[in-house]
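As you go down the protein sequences, you meet chains S and F in turn. Residue numbers for the first sequence, in our numbering: 434 to 1016. Residue numbers for the second sequence, in our numbering: 163 to 415.
Keep in mind that the hints were calculated from the coordinates and are not lab data. Any given hint could turn out to be false.
Unchecked claim - One side only, chain S facing chain F, incomplete, derived with CB under 10 Å:
1. D612
2. V619
3. Y704
4. P708
5. V712
6. S873
7. A876
As the list claims (entries may be wrong) - Covered stretches of chain F, as calculated for chain S (at least 3 residues, CB under 8 Å):
8. 195-205
9. 218-224
10. 230-236
11. 355-366
Unchecked claim - Okay, the calculated beta carbon distance ranges per label pair:
12. S/Q496 <-> F/T379: 51 to 59 Å
13. S/D538 <-> F/P192: 38 to 46 Å
14. S/T968 <-> F/E200: 52 to 60 Å
15. S/H756 <-> F/L256: 42 to 50 Å
16. F/P318 <-> S/G713: 15 to 23 Å
17. S/P711 <-> F/R394: 38 to 46 Å
18. F/D280 <-> S/T436: 37 to 45 Å
We put the CB at the ideal spot given by N, CA and C, even for glycine.
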Amino acid sequence: MRTERSDVVVVGGGAAGLSAALEVVSRGLTVALVSKVYPMRSHTVAAEGGAAGVARDDDSLEQHVADTVAGGAGLCDEAAVRFVVERAPGELARLERLGMPWSRDDDGLPSVRRFGGMTRARTWYAADRTGFHLLHTLFQTTLQHAAVRRFDEHLVLDLLVDRPGGDAPDRVRGVVAHDQHRGEPVAILAPAVVLATGGAARVFGTSTNAGIVTGDGIAMALRAGVAVRDLELVQVHPTGLPGSGILLSEAARGEGGVLLDAAGERYLTDYGLGPVTPVGEPEPRRMELGPRDRLSHAFWHAERDGRTLPSRDGGVVLLDLTHLGRARIDDRLPFVASLARRFAGVDVATEPVPVRPTWHYTMGGIRASVTGATALDGLFAAGECASTGLHGANRLGSNSLVETLVVGRASGEQAVRTSLARGGSEAAGDVADDVLATGSDTADRLLALRGRGTEPPGPLRAELGRVLDADVGIFRDDAGLRRALAAVVDLRERYRDVRVADTSTVLNTGWAQVLELGAMLQVAHVIVAGALARTESRGAHQRLDFPDADPLPRHTLATWDAHADAPVLATEPVRESAAGGTR
Amino acid sequence: MSPRPDDASVAGADDAPSWDVRVTVVRQEPDGEPHEQEHVVACTERTTVLDALDAVKEQDASVTYRWSCRMGVCGSCGVMVNGRPVLACETPVLGYRATGLTLAPLARHAVLRDLVVDTDRLVGQLADVRAWLVAAPDGPGSDEPGPTTGAGRQTPAELNTYRGLAQCIDCMLCYAACPQIDLLPDFLGPAAVAAARRWDLDPRDHGDVLRRAVLDTEDGIWGCVQSGACTRACPKGVDPAKALRDAQREAMG
């Protein structure tokens, strides 16, 4: 097997991975940036609304911390929240110096807009393509650094872990990837690895997530024996296009858009989000700017109460932007307008657009510190794949883009320390034979799936989405979750005989999608098991049979039992300093 | 429970009436010759070209193409439909109901496999034109570690001078449309010049002199004869033809 060496390996080319990579090279080290696509295709590109950072005199770091903790429904790690909030304005200003095209006020300062759950306008934005501009700004910045060595369209198959046994701790030594262009496996060795592989919300049938958001890194961590946390907490976004699940940004409501039921009423007021705010004058944390979990719950109740409009994709409510006027829509919400026009045939300047909730964001992930450290020596995790305690049980919109920047960079910094302490890339090649042999065996085993099996992967993937949409939805109960668990276990059993018809080694996307499906099924198994075990209602996790929150908030921890081929669940308390509501 | 787009039976499945459409895919293995492969796919008024490709892949898993976001922003799924470059995810099949569709790899690109073409050329050209913010020689380094100062200022008018050019998603449709690539294989091309102009026009950037050495050449801006094909092909409203024209005008002084 071909081997490459670097001071640090970063897996994932989105905002978190690029931030980590830029930090590594700024300290004079080399980084191998490994992406299964090209970095500028990463799912950061689809983030619309903005990135939160205290910027104005009417705001304070304390207030941003308090809003985030209140939104998180008892599961935020307040120290982690504080770490990100304190660094957010500096990171956003740094993006300014890299050329980010922030939207501007007349005085030239970056504009800020209101966002759900935030008591002040503190969300910086670039129209409604914030993630797109952020990703391209960071990616183009990396192009000037020869020390960033890109491994584009390389599918990482697994972590390489040295397990010396005895008292010596396990250590990560790099990754084994498949070079989709050359059609061969490659071991990329380094003393430190940063996972920045994104979330897993593509496991749901109706999702805002791109096809590549399949939980690969979370599954890798599980296989390496690293605990994942709170995976059952998946955020539903209240305003997706019916059928496709395409996201219409919360910025639409931050700019003054309102939600109407079938009778044209502002129904949110009847589900605890009132009193009604005047149209076009949104107020923080009320009505349309309530936290996302509350808005999605309100939709569920409204649908049960017969207040939604029927459509072939289920009940819908109406997102009305018409009062904003075309000029403001063109300036602030051009992407929302073009998505509605193209994918729903609606001109949002003249008519309301039908929406319904869609799966959106993985709040849980690989258990990590706010500087990315995991329980496995040398392994770091940043961005949506990580659970740092920032988002708790319900993320506030625009907190995740700053998380990618702050935690991404902090992970890069920690990876540099680890790498330097271990002799960097010079020492990276000094790997026990059995570690490389294991990596080589992994590649052989996975490549041997080609040309075998009888279960076509498409129907397995579709069935997984249907099962999770139906029984692991906005409101859950024991019977539904048991049904879903049995279905996922059955799908995983069928997956053992999955069909890989394409036998090519070069750009074998059918094979790659089968590997992604394997990760999706494993992550889904943990999601459903965690949802079943969490016998309370909190944030994004609502149980019809357990409507109250437990007095003591706890995290769900999951590790993978390879022998039983199933997750093992435990709980851990929220860190001491954490405070906040327990809705 | 409504059907999901992943269903194999109808591409972009829903309850609407469907009809059969002929989808011909121009296939090519890494070292092979191109050949056509025909499929029939059931489509509705909502089916996109990408949905149709997914349905083809259910019939033959080896058909290879790129895709990701399904919402016209990641830039992965550029493809020729009946000779015209489009993003597969935001192009309805409806308009091709009568003619059928022939899907081919983006023209004027090296084919890696089937509909997957070389992307490294564009990324390399972005690096050639220094498509990033070049800091003032005496200013703070844009990429220095450590604590940061406050954000700089830029008026909305200054933003608007380059905002349109910053919308490029690197989808490469403009290269597929540009006839000059046939004559000048090393032509820098529309997207790379648009990217260079995006930074030249940004008042925060100080890289215009460095970029000029790459732009003001036969394979740079002078490779363009203003056919306008790039601007017509752009799915995001970027105007690379104007960027090239303005750059030529400036270079002439």
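Going by Cβ atoms only, is S/Y704 closer than 10 Å to chain F? The hint is violated - S/Y704 has no Cβ within 10 Å of chain F, the shortest such distance being about 24 Å.
Count the residues of the stretch 195-205 of chain F whose Cβ falls closer than 8 Å to any Cβ of chain S, and tell me whether that reaches three. Coverage by chain S is violated for the stretch 195-205 of chain F (0 residues, Cβ < 8 Å).
Would the hint on S/S873 stand, with a C-beta cut-off of 10 Å toward chain F? 24 Å, violated
For the hint 38 to 46 Å, verify it against the beta carbon of S/P711 and that of F/R394. 44 Å, holds
Taking 37 to 45 Å as the stated bounds, is the beta-carbon spacing between F/D280 and S/T436 within them? Since F/D280 and S/T436 have Cβ atoms about 26 Å apart, the given range 37 to 45 Å is violated.
Has the stretch 218-224 of chain F got at least three residues whose CB is nearer than 8 Å to a CB belonging to chain S? holds (count 5)
Restraint: S/D612 near chain F, CB-CB cut 10 Å. Satisfied or not? 12 Å, violated
Can you verify the interface hint for S/A876: is its Cβ closer than 10 Å to any Cβ in chain F? 20 Å, violated
Can the suggested window of 38 to 46 Å be confirmed for the beta-carbon pair S/D538 and F/P192? About 52 Å separates the Cβ atoms of S/D538 and F/P192, which means 38 to 46 Å is violated.
Does the closest beta carbon of chain F sit nearer than 10 Å to the beta carbon of S/V712? 26 Å, violated
Interface hint for S/V619, Cβ within 10 Å of any Cβ on chain F: 17 Å, violated
With a cut-off of 8 Å between beta carbons, are at least three residues of the stretch 355-366 of chain F near chain S? holds (count 4)
Of the hints listed earlier, those the structure fails to meet are numbers 1, 2, 3, 4, 5, 6, 7, 8, 13, 15 and 18, in rising order.
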